[in-house]
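There are 2 protein chains.
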Amino acid sequence: MVERRQPIKVTEAIRRVMNFAKAGSVEYVPIEASYGRFLGENLIADHHVPPFDRSPYDGFAIRAVDTGHASRNSPAELEVAGEIGAGNVFERPAAAGEAVRIMTGAQIPEGCDAVVMLEEVNEIEKNGSNYIQVKRNIQVGNNISFTGEDTKKGSLLTRKGNYITPGIVALLATFGYKNVPVAKKPKIGVIATGSELLEIDAPLEPGKIRNSNASMIQSQIIRAGGEPLYFGQFSDDLELCYNQVKNALDKVDMLITTGGVSVGDYDYLPDIYAKLGCDVLFNKIKMRPGSVTTAAEKDGKLLYGLSGNPSACFVGFELYTRPAIRTFLHSGTPFLQKATAKLGADLLKPNPFDRFVRGHIRYQHGQLVATPVGLDKSNVVSSLAEANILIQLPGGTSGYEAGRNVSVMLLEDQEGMTMEQFITENRP
Amino acid sequence: MVERRQPIKVTEAIRRVMNFAKAGSVEYVPIEASYGRFLGENLIADHHVPPFDRSPYDGFAIRAVDTGHASRNSPAELEVAGEIGAGNVFERPAAAGEAVRIMTGAQIPEGCDAVVMLEEVNEIEKNGSNYIQVKRNIQVGNNISFTGEDTKKGSLLTRKGNYITPGIVALLATFGYKNVPVAKKPKIGVIATGSELLEIDAPLEPGKIRNSNASMIQSQIIRAGGEPLYFGQFSDDLELCYNQVKNALDKVDMLITTGGVSVGDYDYLPDIYAKLGCDVLFNKIKMRPGSVTTAAEKDGKLLYGLSGNPSACFVGFELYTRPAIRTFLHSGTPFLQKATAKLGADLLKPNPFDRFVRGHIRYQHGQLVATPVGLDKSNVVSSLAEANILIQLPGGTSGYEAGRNVSVMLLEDQEGMTMEQFITENRP
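Note that the protein sequences, when read in sequence, are chains A and B.
Using this note's numbering, you'd call the opening residue of the first sequence number 5 and step up by one each time.
Using this note's numbering, you'd call the opening residue of the second sequence number 5 and step up by one each time.
Bear in mind the hints are in silico, worked out from the structure with no lab data behind them.
Heads up, a few of these hints could be off.
Stretches of chain A that chain B covers, calculated by requiring three or more beta carbons in the stretch to come under 8 Å of a beta carbon on chain B [what the hints assert, rightly or not]:
no.	region
1	108-119
2	126-138
3	156-164
4	216-226
5	278-292
6	346-355
7	364-374
These numbers come from a predicted model, not from an experiment.
Here a beta-carbon is modelled for each residue, glycine too, at the ideal position from N, C-alpha and C.
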């Protein structure tokens, strides 16, 4: 008996899953370990930048008023009262007629209100003292980086849930985050099913293939920001399988099984979901590949039944699991960023369903060009190595010609989109 | 005395550094730890894919000849001789008039040469046996994925030095790489200099700022694929400094110092390079920021003297250190990928030197739009959090208006470019 399933739209499947996506907790890691994590709270400036009036150049700090009548023919002569390196401060207020040699980044001495650059002055010696000659009237504020000019104390620098880049690490250091609040990584369980699957180091056998989905999906989990927990391959016994899923579920925040979701005779997953008392959110989607992608919910935890077909497994993860992982990481934009690109090759096969095709994006004269990989069958495996996008082809009665605009999802993107943007924007 | 330095072009500086860039050694890691590393050897298919003729659908394997005269009114009736699930093989050759129920991915039984899909047949029972009715003449090879159709044994799947994506992990699993040869990460030493620098967890003091460059550059090293080793801040004593650099150099593959490279009075680095007997490759470049970026070589190891200015430090690393790191990782395309983009805002200040401005790229109607970050001074710190490109503005006598084509480097890119591509391509 072939089970009848009710297919739903991709956007509806996304909404059903995201109803159960929730943010996780926050932990602290040393700043050295923060790159690539996701901020656990908004990052606020705890002081002005610069924290004091400082010099952007090597030069002399002066009182602008002392150059009031200076000219090429009658330069102002200011006595060099001392010097300050970066990190030091001049010990007393500068007096009338005085200049202080100052290094890039050093604090402007009290009493001074301008800086003249090194190359703008003549340095002379007179009566055993050092003087500079300034040949023009310098304005108050000349060459000073003022307190708070770059950012004000209390400013929001970046939001919680954002991916921590080297630039954000620099901000964290500037604002004293020796330890950084980051979103805790969700533990994502992985169970592989399929009696055709061999372990990676097993020699090939007739009728069997090596299990590549488990390794692939673990890498996708890491890329999304989660922590994979691999529970191995399913046994062939329903009761044992049930216990494996039940035990795994206790140890994780979400659980992925690969394979075992089709309507064939040997797939236990629907029975296991039933026995667990899961709420099945959907088990058929109007999309290719991955039409039998399944999602369920048990006590607030999401269970994903991804297809055993590698392409379908890959696509199902990026569409339905990744945004739940990024939501756990506090991201406000948990979906892959989409962009519009020109199709780089014909995809003429019409398809009634939305298709998601792995492709490679390149930048050509300022335009995005998306080329499907694996069109040429003799090359399908190696071309997967190059895939960095998913090309979205809305279902219809005709195919797509090269040069037409299509919507693509950027697989290596860290900025993301909101659900509403993902669903509504960049539709070709 | 201000030292006189001979400025060179950016491209010349790149060439001088790359003369000393060399590939490192290879190590093995478990496949679970291979995502994000760089392949240590070319990946070759050790078997055909598929490894055997298999069915892409659930259906019945048949002998096409048995349907020779089949039609809607006179269907061929074939006896169902058994069934095979994925991973199993049919134990004997199929005989004339027989069909074998077959699951997606299962091996085609000997004697069969076509598959009819489940939905194309009528299943009937007659005299206690199961039969299928086929209503048309099926061609030999119908619905069979043939051995080696996707990739041939011996094919090059991806090259050494390539960044290992989830797709490549899947290939590694498919071809039996339980342990994966990856390029060993280069150890990159980091020493911070600058008497104005406070530790990250220190309270602010007059004239001082927290050390953000050390944390930032360590993150950039990780992003580039290296392993950072932080040796702390320089002492203020020349002899001590010299010993710190000398000891650090023994422990690393390349060494970065930040700060201490300008021609000011307090910078020891030139003296230390001289005392070490380094070959200084350059100490002044026609670029902004980072004109005082320095590189030297000692017994084949590269030493970088990056500016203490955060922007200059950031840019100097991406232009001169990153490609040396990627070369160590066996990449054939060690430079950041460049693309042409439309400038999203005016940058009207003319500059005689090449400028590299941190910016943010967005995708707008299929076009790349690059907007400089930190133009608005009141926002310079927070906007750095968003930077994902460097905008390259060739030196000239006029500025750049919004809408003009500019060349940008994609900071999060993993594909890269060769040196010649980087130097010659995508010039606006």
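Hint check results:
no. : hint    : result
1   : 108-119 : holds (count 4)
2   : 126-138 : violated (count 0)
3   : 156-164 : holds (count 5)
4   : 216-226 : holds (count 10)
5   : 278-292 : violated (count 0)
6   : 346-355 : violated (count 1)
7   : 364-374 : holds (count 5)
In terms of the numbered hints stated before, the structure departs from hints 2, 5, 6, listed from lowest to highest.
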